[in-house]
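Here the protein sequences line up with chains C and A, keeping their order. Counting with numbering that gives the first Met the number 0, you get residues 0 to 452 for the letters of the first sequence. Counting with numbering that gives the first Met the number 0, you get residues 0 to 452 for the letters of the second sequence.
Hint data in this document are derived by calculation from the structure and do not stem from the laboratory. Warning: the hint list may mix true and false statements.
Result set (DMTMM-like, lysine to aspartate or glutamate): computed pairs, CA atoms no more than 25 Å apart in a straight line [stated by the list, open to error]: (1) A:Lys145 with C:Glu127; (2) C:Lys145 with A:Glu181; (3) C:Lys339 with A:Glu127; (4) A:Lys339 with C:Glu178; (5) C:Lys369 with C:Glu181; (6) A:Lys145 with C:Glu129; (7) C:Lys339 with A:Glu233; (8) C:Lys86 with C:Glu227; (9) A:Lys339 with C:Glu181.
Number of protein chains: 2
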Amino acid sequence: MAERITIIGAGPVGSLLAVFLGRRGMEVDVLERSPDPRVTTVKNDRSICMSVNARGVRALRRAGLAEKIMAMTIPMPGRIVHHAGGKVETQPYGVSPEEALHAVHRTSLNCALLDAAEALPGVRLHFEQEVGAIHFHGGTMESNQKMAPLPRPLFGADGAYSAVRASMMRRAPFNFRQEHLEYGYKDVDVPAGPNGEYQLEPHGLHIWPRHKFMLIALPKPDGSFAAELFMPIEGLSALDTAPKVEAFFREHFPDVFPLHRNLGKDFLAFPVGHLVSTEAFPWNLGGEALLVGDAAHAVVPFFGEGMNCGFEDVHVLDDCIEAHGADWAAVFERFVRLRKPQTDAICAMALENFVEMRDQIEDSDFDIRKSAEHLLEVSFPGRFIGRHGLVAIHGVPYLDARRAGPVLDHVLDAVCQGKTSVDEVDLGFAENLVDEQVAPLVRAMLPRGGAQS
Amino acid sequence: MAERITIIGAGPVGSLLAVFLGRRGMEVDVLERSPDPRVTTVKNDRSICMSVNARGVRALRRAGLAEKIMAMTIPMPGRIVHHAGGKVETQPYGVSPEEALHAVHRTSLNCALLDAAEALPGVRLHFEQEVGAIHFHGGTMESNQKMAPLPRPLFGADGAYSAVRASMMRRAPFNFRQEHLEYGYKDVDVPAGPNGEYQLEPHGLHIWPRHKFMLIALPKPDGSFAAELFMPIEGLSALDTAPKVEAFFREHFPDVFPLHRNLGKDFLAFPVGHLVSTEAFPWNLGGEALLVGDAAHAVVPFFGEGMNCGFEDVHVLDDCIEAHGADWAAVFERFVRLRKPQTDAICAMALENFVEMRDQIEDSDFDIRKSAEHLLEVSFPGRFIGRHGLVAIHGVPYLDARRAGPVLDHVLDAVCQGKTSVDEVDLGFAENLVDEQVAPLVRAMLPRGGAQS
Numbered sequence: 000m001a002e003r004i005t006i007i008g009a010g011p012v013g014s015l016l017a018v019f020l021g022r023r024g025m026e027v028d029v030l031e032r033s034p035d036p037r038v039t040t041v042k043n044d045r046s047i048c049m050s051v052n053a054r055g056v057r058a059l060r061r062a063g064l065a066e067k068i069m070a071m072t073i074p075m076p077g078r079i080v081h082h083a084g085g086k087v088e089t090q091p092y093g094v095s096p097e098e099a100l101h102a103v104h105r106t107s108l109n110c111a112l113l114d115a116a117e118a119l120p121g122v123r124l125h126f127e128q129e130v131g132a133i134h135f136h137g138g139t140m141e142s143n144q145k146m147a148p149l150p151r152p153l154f155g156a157d158g159a160y161s162a163v164r165a166s167m168m169r170r171a172p173f174n175f176r177q178e179h180l181e182y183g184y185k186d187v188d189v190p191a192g193p194n195g196e197y198q199l200e201p202h203g204l205h206i207w208p209r210h211k212f213m214l215i216a217l218p219k220p221d222g223s224f225a226a227e228l229f230m231p232i233e234g235l236s237a238l239d240t241a242p243k244v245e246a247f248f249r250e251h252f253p254d255v256f257p258l259h260r261n262l263g264k265d266f267l268a269f270p271v272g273h274l275v276s277t278e279a280f281p282w283n284l285g286g287e288a289l290l291v292g293d294a295a296h297a298v299v300p301f302f303g304e305g306m307n308c309g310f311e312d313v314h315v316l317d318d319c320i321e322a323h324g325a326d327w328a329a330v331f332e333r334f335v336r337l338r339k340p341q342t343d344a345i346c347a348m349a350l351e352n353f354v355e356m357r358d359q360i361e362d363s364d365f366d367i368r369k370s371a372e373h374l375l376e377v378s379f380p381g382r383f384i385g386r387h388g389l390v391a392i393h394g395v396p397y398l399d400a401r402r403a404g405p406v407l408d409h410v411l412d413a414v415c416q417g418k419t420s421v422d423e424v425d426l427g428f429a430e431n432l433v434d435e436q437v438a439p440l441v442r443a444m445l446p447r448g449g450a451q452s
Numbered sequence: 000m001a002e003r004i005t006i007i008g009a010g011p012v013g014s015l016l017a018v019f020l021g022r023r024g025m026e027v028d029v030l031e032r033s034p035d036p037r038v039t040t041v042k043n044d045r046s047i048c049m050s051v052n053a054r055g056v057r058a059l060r061r062a063g064l065a066e067k068i069m070a071m072t073i074p075m076p077g078r079i080v081h082h083a084g085g086k087v088e089t090q091p092y093g094v095s096p097e098e099a100l101h102a103v104h105r106t107s108l109n110c111a112l113l114d115a116a117e118a119l120p121g122v123r124l125h126f127e128q129e130v131g132a133i134h135f136h137g138g139t140m141e142s143n144q145k146m147a148p149l150p151r152p153l154f155g156a157d158g159a160y161s162a163v164r165a166s167m168m169r170r171a172p173f174n175f176r177q178e179h180l181e182y183g184y185k186d187v188d189v190p191a192g193p194n195g196e197y198q199l200e201p202h203g204l205h206i207w208p209r210h211k212f213m214l215i216a217l218p219k220p221d222g223s224f225a226a227e228l229f230m231p232i233e234g235l236s237a238l239d240t241a242p243k244v245e246a247f248f249r250e251h252f253p254d255v256f257p258l259h260r261n262l263g264k265d266f267l268a269f270p271v272g273h274l275v276s277t278e279a280f281p282w283n284l285g286g287e288a289l290l291v292g293d294a295a296h297a298v299v300p301f302f303g304e305g306m307n308c309g310f311e312d313v314h315v316l317d318d319c320i321e322a323h324g325a326d327w328a329a330v331f332e333r334f335v336r337l338r339k340p341q342t343d344a345i346c347a348m349a350l351e352n353f354v355e356m357r358d359q360i361e362d363s364d365f366d367i368r369k370s371a372e373h374l375l376e377v378s379f380p381g382r383f384i385g386r387h388g389l390v391a392i393h394g395v396p397y398l399d400a401r402r403a404g405p406v407l408d409h410v411l412d413a414v415c416q417g418k419t420s421v422d423e424v425d426l427g428f429a430e431n432l433v434d435e436q437v438a439p440l441v442r443a444m445l446p447r448g449g450a451q452s
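Extracted from the complex, chain C is given alone in its bound form:
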């Protein structure tokens, strides 16, 4: 095949896309603004961790990389909730330990995917290539401030502030929305102990919910934890001296505070991170260009889905190529049609999750509800699975998980009001909410669906 494909962005999604295309024998150039993370220590490497979930694993398996990547991860079979009073509660994600999320260091994962892409004969990686304006009409692209003929097809896998999208936006009719939350985050890693040991239980996703803010921590292979404090930007900005930072942690996270050595200094060295949600349509320009991953739909992190969703994007895209070959206009059209409703659903659920978390006035209500949800999942396996379980553990289509929402809420309401079994809850109202096309797991949660399955 003489056609050369260009991918802008060599992050996890761009690299995995290169693997998918390379495995099909296609010729692929990948242009990345940053230096090669395999040879250079990345500037401002925030050493962040991501969680790979069922959806991500499925895509990696399709690319033949599941075994290699999963070996780099640390399984987290449940949440470990550190309540404000000091109580620590372990909430398994599923009924078996295999039903887990998997913590992975972002840069390590990216390097492994880059290696896999580069090992394919048709794939070439080009680092420190900053794409500027793309003139779709004139057919030119600016890279490192030089103009070159616009390659075609072009994939924009260049993240939430995508340069490819910025140029697509200037061609009507392209609809777009980007919205920053009033919440931001700071990295506050928990170091390994004196002998390199974990200072917290490594097999779990730690959460310190404090309602107007929260701390989360994921294990890294070196004995440390990647931790992030999410809170209103005003609040983060107000923590502007080391003593203030330390007093804040001592008060709200007394079990984490002693584990740090330079908490105040580290905290202040890291700029406030912003959280953006985006929506774009269309993602393609005929068969010329296509956006994938965060460039197409940046998801706020309150479902842990950003990367997994991006991985599923390229998985679905691979299905579309299977169906249409290199007829890119047909591939892109099918991809957008299949994928847009799904990513709209996860973007909305992630925002809803954020709003739910932010607006909890009564701490105890929120705790009770979360605990009840967990209790239902454990007590009625397969009859009740919360949104997060459906999405992250079972990899149900986002849209189906969202459509199940009212059913889940109704059951939870009933249980919180005293019902003691899922079977006592009248779900008649929900019969028309979920149609025959929905995932079997969701259908099984309905009385009729349960009877049928």
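Chain C is already provided as a structure; the job is to place chain A on it using the hints.
The following block gives chain A in isolation, referenced to the frame of chain C:
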């Protein structure tokens, strides 16, 4: 003053801004992508007309240009409505002929403003300068693919698809939305007659409302009319042969059809124009950069406000400079605080107007309501002024006009249901809708306000 100010964009808003700044003795560079319209025939010159209204005139007067510009305009003291049945109805905009809109050829207006800007000692115009990526952080700007130090302060007056905004957007937290309507437009000018005479009444804004589509026409000084057909993009695209176009006009606009010579060919030569609405926040980057006009808030044209709103932007900006001098951070902050709620109101009203127009099922209902509105304006001068009158003829703040909306709708509903006088309508419900700060014209429309005034 050693500081050099840079304006990106030399359209009407950018040129008028240059005039305001130049009149204050400031040093100003204006960079424009297109060639100088005064020496080059602009490619794809759509010879469009705009209407200058009370708000625009007020800004031009402040700049000392009202006399010069208004001499170039053709007054339109009212709408001339061509109903589907053939009836032609003249609806004056106000009670005196001075209460008029003023048609002006966009390019002529732009040239006059450029002349005025260039005549000021501190102002320099630079054409064919295409701005690419702006690196606010690194402090560089790309112009014609060369990098230069970023000038400061920088004004983005570069329109709905602003390059300045595209770069600001990539810095968090910048919120943005751009939405294209499912409607588009085509220019279908009505030529002058064989002896250069007007083929329609020149002193009026002609409208052919057909509910799912509409044609409007504004007079030009050369005897022709700038006309635009607004309709769903699907519908415009379906008119893809000259015979189809001609049959369409013959059926729906039988009084216009015979006035054209090459209707089919002209129609097909013009690409479908798109209609975009945008919302951005914040408009400034500290004291470094500020967006004005369409770059800050593109308004759909259903209120005829785009340019007038942009002119008012720079008028208000001039007030802010009066207050804070060249303390740009303070100027920009005050400007955004004063102006954002106002432009949000006109963006919303313009979209509401579009939706109202689009969703009329019953032609007759719409006609009756529009006629009733006009009748009320004429019968109760000062006691009833519709939204358009408040905004375009009286130049009331957009926000006040929008807040008056429910009152106007209530009166209209009552009149359509049989009340014959504004005084018969109980407006008690509205007492709290409009507070003491509102424009006197709006307050006068309320029973209590009327009594007080």
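Verification of the hints:
Between Lys145 of chain A and Glu127 of chain C the alpha-carbon distance is near 19 Å, which keeps this suggested pair within the 25 Å criterion. Note on Lys145 of chain C and Glu181 of chain A: the hinted pairing is violated, with a Cα-Cα distance of about 37 Å set against a maximum of 25 Å. For a cut-off of 25 Å, the pair hint linking Lys339 of chain C to Glu127 of chain A is broken: about 39 Å separates their Cα positions. Restraint check for Lys339 of chain A and Glu178 of chain C: the C-alpha separation of about 17 Å stays at or below 25 Å, so the hint holds.
Of the supplied pair hints, the one linking Lys369 of chain C and Glu181 of chain C holds, its CA atoms being roughly 24 Å apart against a limit of 25 Å. Simply put, Lys145 of chain A and Glu129 of chain C have alpha-carbon atoms about 15 Å apart, close enough for the 25 Å limit, and the pair holds. Straight-line distance between C-alpha atoms of Lys339 of chain C and Glu233 of chain A comes to about 22 Å, which keeps the hinted pair within the 25 Å bound. Annotation: proposed proximity of Lys86 of chain C to Glu227 of chain C holds, straight-line Cα distance about 20 Å (limit 25 Å).
Between Lys339 of chain A and Glu181 of chain C the CA atoms are separated by roughly 19 Å; this keeps the pair inside 25 Å, and the hint holds.
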